[in-house]
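Asks: All chains should be built: construct the whole structure from the sequences, respecting the hints.
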Amino acid sequence: MHAMIKLIRTNSENTDFQKLVTQLDAELKINNGEADSFYAQFNKTDSIKFVVVAFENEIVVGCGAIKEYSKDAMEVKRMFVPKDKRGKGIASKVLNELENWTSDLGFKKCILETGLKQIEAISLYKKSGYKIIPNYGQYENVVGSICFEKEI
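Residue numbers (numbering that gives the first Met the number 0): 0 to 151.
Derived from the structure by calculation, the hints contain no laboratory data. Among these hints, one or two may not hold up.
Simulated restraints, written as ranges between beta carbons of each label pair [claimed, not checked]: (1) F37 x I132: 16 to 24 Å; (2) E26 x D71: 18 to 26 Å; (3) E150 x I29: 30 to 38 Å.
Quick reminder that beta carbons are idealized off the backbone N, C-alpha and C, glycines included.
Replies: See the structure below:
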C-alpha cells in the first residue's frame, strides 16, 4: 500500500522547498567536488516562480522547479528527493507535474542539465522521455554536464 503523494505548486519562497534545496546543495557539493562552485552559481533559487513540492503524509519528500529559458522552453531545476525516499516514483511525479505546468504556461518543451555522475537523475530523464541534446548555454563546454530536452 503506497502512501499518497500530494503535489503542490508554489514558488521559491516556500520553506519546505528551501529545506530540501539545502539538502540537495550539500549532496551536490560532495558529488561535484571542486566543480561545485561553478554549478552553484546557476542554481540560485531566489528568482524561481514555479516550484513543485511533494508531500507524503504531510512530510516533504521531494521538489523540482522550472525557470523560463527561452520563449518556448522551460528549464527544469532543483530536482531532489531525499535518499531515504528514493525509489518510490516521487521524482517522476514531480517531473510530470513540472511538465504539465510548462504546458499550462504555454511553453513547448522542457530542457535541463545534470551531471554525468548523477546516474539516478539520468535514468529518470531517459525513462521520462527526455532526449540527450548538445550542452546549451553556460554548460556548452562543461565536460561533466549532460543536457536533455523533451517536447511537451
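Asks: Each of the hints needs a verdict: does it hold here or not?
Replies: Verification of the supplied hints:
no.	hint	result
1	F37 x I132: 16 to 24 Å	holds (20 Å)
2	E26 x D71: 18 to 26 Å	violated (31 Å)
3	E150 x I29: 30 to 38 Å	holds (34 Å)
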